[in-house]
Amino acid sequence: MNQTETAIEFKGVSKTFGNFYANRKLDFSIRKGSIHGLIGENGAGKSTAMKVLFGVQPADEGEILVNGKAVKIRNPVHAMKLGIGMVHQHFMLADSETVLDNIMLGHEPSTFFGLLKRGKAREELEKICKNYGLKFTKWESRIRDLSVGEQQRVEIIKLLYQKSEVLILDEPTAVLTPQEVKELFENLRKLKQEGKTIVLISHKLKEVLEFTDSVTVMRRGEVVGTKTTSETNEDELAEMMVGRKVSFTYQGPRRILSSQAVQPKSVLKFISERVSVELRPGEILGVAGVQGNGQTEFLKALSNPSVYGEKYFKGKYDYLVNGREIGDATPLQLRNMGVGLVPEDRLSEALLKQQDMTENFLLGQHEDPRYTGLGLFGRMINRNKVKAAVEKNIQAFDIRPPFSTVWTGRMSGGNQQKLVMARLLDPQPSILLVAHPTRGVDVGAIEKIHEAIMMERNLGKSVILFSSELDELIDLCDRMVVFFDGRVHGEFARKEFDPWAIGKVMGGA
Amino acid sequence: MNRMMKASLKSIAGVLLGLTLALIVCHFAGESPWKVLKVLFQSSFGSGYDFGMTLFYAAPLFLTGLAVSIPIRAGLFNVGGEGQLLIGALAAAYAGVVGKNIASPVAAVLFATAFAFVAGGIWGLIPGILKAKRGSHEVITTIMMNFIAAGLSSYVTLYLIKDPESSQAETMLLPEAFHLKPFEKFAGAPMGWLIFVLIALVFVIHYWMWNSVRGYELKAVGENEKAAETYGISKQSAWMFAMFMAGGMAGLVGVVEVLGNAHRFKLGFSADYGFVGIAVALLARGNILGIIPSALLFGILQKGSASLDLETDKVTRDLSYIIQGLIILGVVAEGLFEWRKKAKNA
Chain A
1 MNQTETAIEF
11 KGVSKTFGNF
21 YANRKLDFSI
31 RKGSIHGLIG
41 ENGAGKSTAM
51 KVLFGVQPAD
61 EGEILVNGKA
71 VKIRNPVHAM
81 KLGIGMVHQH
91 FMLADSETVL
101 DNIMLGHEPS
111 TFFGLLKRGK
121 AREELEKICK
131 NYGLKFTKWE
141 SRIRDLSVGE
151 QQRVEIIKLL
161 YQKSEVLILD
171 EPTAVLTPQE
181 VKELFENLRK
191 LKQEGKTIVL
201 ISHKLKEVLE
211 FTDSVTVMRR
221 GEVVGTKTTS
231 ETNEDELAEM
241 MVGRKVSFTY
251 QGPRRILSSQ
261 AVQPKSVLKF
271 ISERVSVELR
281 PGEILGVAGV
291 QGNGQTEFLK
301 ALSNPSVYGE
311 KYFKGKYDYL
321 VNGREIGDAT
331 PLQLRNMGVG
341 LVPEDRLSEA
351 LLKQQDMTEN
361 FLLGQHEDPR
371 YTGLGLFGRM
381 INRNKVKAAV
391 EKNIQAFDIR
401 PPFSTVWTGR
411 MSGGNQQKLV
421 MARLLDPQPS
431 ILLVAHPTRG
441 VDVGAIEKIH
451 EAIMMERNLG
461 KSVILFSSEL
471 DELIDLCDRM
481 VVFFDGRVHG
491 EFARKEFDPW
501 AIGKVMGGA
Chain B
1 MNRMMKASLK
11 SIAGVLLGLT
21 LALIVCHFAG
31 ESPWKVLKVL
41 FQSSFGSGYD
51 FGMTLFYAAP
61 LFLTGLAVSI
71 PIRAGLFNVG
81 GEGQLLIGAL
91 AAAYAGVVGK
101 NIASPVAAVL
111 FATAFAFVAG
121 GIWGLIPGIL
131 KAKRGSHEVI
141 TTIMMNFIAA
151 GLSSYVTLYL
161 IKDPESSQAE
171 TMLLPEAFHL
181 KPFEKFAGAP
191 MGWLIFVLIA
201 LVFVIHYWMW
211 NSVRGYELKA
221 VGENEKAAET
231 YGISKQSAWM
241 FAMFMAGGMA
251 GLVGVVEVLG
261 NAHRFKLGFS
271 ADYGFVGIAV
281 ALLARGNILG
291 IIPSALLFGI
301 LQKGSASLDL
311 ETDKVTRDLS
321 YIIQGLIILG
331 VVAEGLFEWR
341 KKAKNA
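Protein sequences, first through last, are from chains A and B.
Per the working numbering, the first sequence starts with residue 1, numbered consecutively.
Per the working numbering, the second sequence starts with residue 1, numbered consecutively.
In case anyone wonders, no lab produced these hints; they're calculated from the structure.
Keep in mind the model is a prediction, meaning the values are calculated, not measured.
Be a bit skeptical, because a hint or two may be false.
Sample of chain B residues facing chain A (criterion: CB under 8 Å; computed from the structure) [unchecked claim]: (1) V213; (2) R214; (3) Y216.
All C-beta atoms in this analysis are idealised placements derived from N, C-alpha and C, irrespective of residue type, glycine included.
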């Protein structure tokens, strides 16, 4: 790497929180004019490293060299002055303002009297787009009217307008369809040709392998190594990330579903004007789609029709479980009918963070006669029984730390999710509504969770699996429906699974 | 247990910090801090009468402390203890008017207690319903309910059940059966078996909160509304229930005051018990059992303040309010420190 210049170099950078090292002596460099991947599991320290670089959090030790010069980056404004820009995972745009105003924000060209020169800004932007070969014309549209992919492009153009030389993108593909991903990377390649440096934070090995020039792997706050992308492969990177050999696809047994093809009766049926879905016995039905295309509303209506049936489907729908109409059932009634739920957002919907595992295990099971009974002061909880059940599940699911008294807010995402899965399966439901079971979960726990879901299927239970990871759906599902614009836009049987074709439907084709 | 120990250590540290600051203030006011401490101690525990009075001041705080702590579990901040206790006391006095023919003391006391509990409960339930059905913020509505309660209690006292023979703003004297007997050892301080009942009540509420399904639901709603809803716990019903219980608890102050002390409703009897209850609950850090030492401490300060006024030259009754204020600051400031640590780590 001597022949080319270095844009960014980390030299022994450490960042601690209390006595916990989020980053420990990071040493790596990013070549100017390259696309550099930064990968690692959740909590490996990727985001912290980039926050240090972007000036959000100062480093405790070590130094950062920008264009070969050591600098102490004080805050994001300082970072921007040094030519470092960042596209956050959640876009930092004002929804109700126009694209132009959003881009100008903070760098407004103005007259002597403080009036904005929008025309001048627009000219400049059009020039930038031409120079870098980016297609964009909707300068006067409001952000909320743009697709997610377009919003992302606005963020990138904004960085170019601010004359950033180094562009950091934090998990940029999480919300895109395969087609949009391809377009994004085509654009990034053009930027690279014009001499920009791009840092790609990701946990998806495939895209890192496909689109980067070099890649740095992090694990537990440390840099495991930096590789030239063309000289490495998925298995090697995965092993570096996790610290042991892993398989990313489910490789356990998969019971053949023979009889249902002949008699496709359904265990769950939801029929409305826009969304009609049937779940057959013993299958995993995937629900795919770009975030925000009606999957959330569908799941809410399925899991709590008493509240969300009216709210999202105006009461005009039929919802049958095992042939019984249950259009306005409460979550507890659904549970008693054998429907179990893993909600979309673990932290905000599934857990009481400041309570221990026992209390969390009770959530939703707080009226289960196995754990509660009538006592002197009304219905009382039998904590000994709950505790015994929790301890059994800690063993079965290998939840760590293995103490029922630990606050769930202090557990890792993977262990939290294992607890949610354990709670789901405890009453032995026959229908499982599972949403994003592996979001923010480390690779080891992903294997365990996929295994658990597959095992339930192989036992003849039926599952609806919501996920934004197309690979996960393709791997596990027997059938898939794709949501677009609030309706079911396509359906695929397992033998027709093809990411490209599904992606097209996700994009509305 | 460990967590609870830590929390109580923090509260004790807060109290000591506040007390130290207060004594420094005394020192600069020209009074020996040592003497101030001695007077505080002696006037609270020095004789049977003193101790009885300390308990009498602490008793309403057990109840108003509960009235704040129970809704905190469900994520609500009840500032309406004062209004709820006024309505409860008024109802207790009214029970004496309605039930003047009840001869059995046990029946009479239970009758008045039920009146006080339900009336206070309804006064608490109203903001609860407004919150559940309309989303009105409970802090605003409970404050407003305090004003209404103050006006209502004046009106009822002065125009509906005023004692015609008294020149003061007070209701008619309750029949003998409604009077609670104080301990003779307390030499005139108006406190008897009731104090044990109240302590038992705190234990029962603690046990119930921790072990009942209803208590679990309150906790779940207080900690994560969305998760509670997702798993079939109605926040509306939890809120209404918590506010009814809270109002009921505050309403029981009517039993302490009307049945135990004045045997009638006297306008202005409450020494801001409803508001001091907030401080009691804060000092207890949401722990229900913590209300017992916390209410006792504030009882001591209340009792001691009168004596400080008489027995020292420079320090007045107001000092005890300064001490109370500084203690609350000590506790809360320590909480702020905790919060800052969290923010930094996030």
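Comparing the hints with the structure gives:
Below 8 Å, beta-carbon pairs count as interface contacts, and V213 of chain B has one with chain A at about 4 Å; its hint therefore holds. Hint on R214 of chain B holds. Least Cβ distance to chain A is approximately 6 Å, under the 8 Å limit. With a least beta-carbon distance of about 5 Å to chain A, the hint placing Y216 of chain B at the interface is held under the 8 Å criterion.
Consistency note: the structure conflicts with none of the earlier hints.
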